[in-house]
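2 protein chains.
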Amino acid sequence: MSYVVGVDAGGTGSRALAVDLDGFRLGRGASGGANPNSHPYDVAAARIAEAITLAIRDLDPAECKACVVGMAGSSKLTDPEVAAVFHDTWSTLGLGCEIRVITDQEAAFASMTSEPSGTILVAGTGSIASRIENHRMARVVGGIGWLLGDEGSAYWMGREAVRAVLRLLETHVPDGPLAQAVLIEAIGTVGDDHQLLWQRLITAANAEQPIRLARFAPFVSAAYTSGDPVAVDIVTRTVDVLAGMVADTRSPGEQSPVVLIGSVVGPESPVGVLLRERLGDLPIYFSTEGATGAVWLAAVDVLGPSAPRPSELVRG
Amino acid sequence: MSYVVGVDAGGTGSRALAVDLDGFRLGRGASGGANPNSHPYDVAAARIAEAITLAIRDLDPAECKACVVGMAGSSKLTDPEVAAVFHDTWSTLGLGCEIRVITDQEAAFASMTSEPSGTILVAGTGSIASRIENHRMARVVGGIGWLLGDEGSAYWMGREAVRAVLRLLETHVPDGPLAQAVLIEAIGTVGDDHQLLWQRLITAANAEQPIRLARFAPFVSAAYTSGDPVAVDIVTRTVDVLAGMVADTRSPGEQSPVVLIGSVVGPESPVGVLLRERLGDLPIYFSTEGATGAVWLAAVDVLGPSAPRPSELVRG
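So the sequence lines, in the order shown, correspond to chains G and D. Per the UniProt record's numbering, residue 1 is the first one in the first sequence, and the count goes up by one each step. Per the UniProt record's numbering, residue 1 is the first one in the second sequence, and the count goes up by one each step.
What the hints contain is simulated information worked out from the structure, not anything from laboratory work. Incorrect hints may appear among the rest.
Only part of the chain D face toward chain G is listed, based on derived beta-carbon distances under 10 Å [to be verified]: (1) Thr78; (2) Arg163; (3) Glu170; (4) Leu201.
C-beta: ideal position from N, C-alpha, C; glycine also.
Whenever a hint applies, use it, and build me the whole structure from the sequences.
The structure is reproduced here in structure tokens:
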């Protein structure tokens, strides 16, 4: 039986999905993180192979007609030496097709819509928006990492939270819920000497890896819900930044879909709720599973753009 | 003969100055960096002691009536264990007085004016503004380090330069002088593939210590001079930020002095020139030598606020 495979290979885990040419699910597989920026290339390649092997457990590898891997950090494979490691590992699978690597964002966009073009916005620990045209990433906005940017990300929200608390500490010990939560998380006390707290908060923030500032972002969402004006300000500015990134990927008035991914823009988070309002009547989706996009794009490789969407249903 | 000693103890060097009670110079000494945040405490203490020893070479230590050390990182001495290391090292000097430690900013402010109150603005690799009242730091604006802020610093200007070039690289290879200089410095080429340059610039910036972004700041000044609009924008925003920090330390209409320190606000730098214009008719000074402020404050300890200003003159 002919089938296709799609993989979502991220920094913390990899998931593979096999479907037949009608979109019925044949198998699933999971393995560890496979972002070649944060894992050794051979480990990343082996994990993707493992997820595929588990997904096609009872199937003939030779009957796989297309396989698409959506990979975080896929630009690493522009290096021929890196690409060779992946190719060599994957050739042992014996698939009846080449494995095509795309970005995780292309896979996530396709996971929610069959439209060829639109916007994908990632706002998790980092942030990036991409223009998708004909299923391919055509233009990137942001995505430059925490040191140079990542505005609107959890890193950035956490950093803004610490900055806001430091500004308050210039003159007094703040008693709002965000400031209290940040101080307890960072230094375990809210104390009573604002200058000492100011110094200790700076020291605590700098003692950790910079990206760990993202741990303060959930406090912003929680304090927003209780009406803390400092949190309201940060949430409002986060929505401004992310809406601006989306707009920068689009023509005015364009009605193509917007696909969102990441903890910051989830359907329950304050930023997610407000961003959806801001984007108005556009088709907006929240993606949690890139593998369904990758497997549909694999089906398109075989059947063309009318390929059926993958289903959770198992035939029979 | 009675005399006083002042020391400017910074991250890269320490300078000591001895003057008699009429302000005539008796001796100078220099040693290595002595910021206790970046050097072992015993090394920092020994370097300050060495600079003092060199400055008072032919003098009787017991005749030293006051000694003030302006120290970058002086807040470390609020830790009794750290203070004990400094005290023990310095007690071997046999001075006829205790050594009084103040901040480098208090020393720099006093180096340029006998006024008891005003503003000191540091804009070098980092940035901080302080309200000085009765020669003491009364309030701080900024000074929270590169990870959380340091707006208006060389670090921040360099980061803004890289960010601006990355924005241009989203669509084309920029040919302005700032972009060309940043690309040559970061990756050694201006290339012709804007997406590849974008990726390589991000990688190059992240491959170095974050604070090394400050190395791009001088390119902003140079490109400003040749009219590059990207550089003009960064310089304008830097002046806005620094003028705002100064204003945050002052009452409206206050005419007390403003003392500037650091490469970003030097009298020849574009930011320095524009900031002086922005600050209008306030008394504005540029400090390069904190030791003269420390030694004058030492003289004030002995003679009160009418103590003569230290002079470059040697008696006789």
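Okay, the hints, checked on the actual structure:
The closest approach between the C-beta of Thr78 (chain D) and any C-beta of chain G is roughly 9 Å, which is under the 10 Å cut-off, so the hint is satisfied. Using the Cβ-Cβ criterion of 10 Å, the hint placing Arg163 (chain D) at the interface with chain G is satisfied: the shortest such distance is roughly 6 Å. Evaluation of the Glu170 (chain D) hint against chain G yields a held restraint, the C-beta minimum of about 7 Å falling below 10 Å. Of the supplied interface hints, the one on Leu201 (chain D) holds, with its beta-carbon coming within about 9 Å of a beta-carbon of chain G, less than 10 Å.
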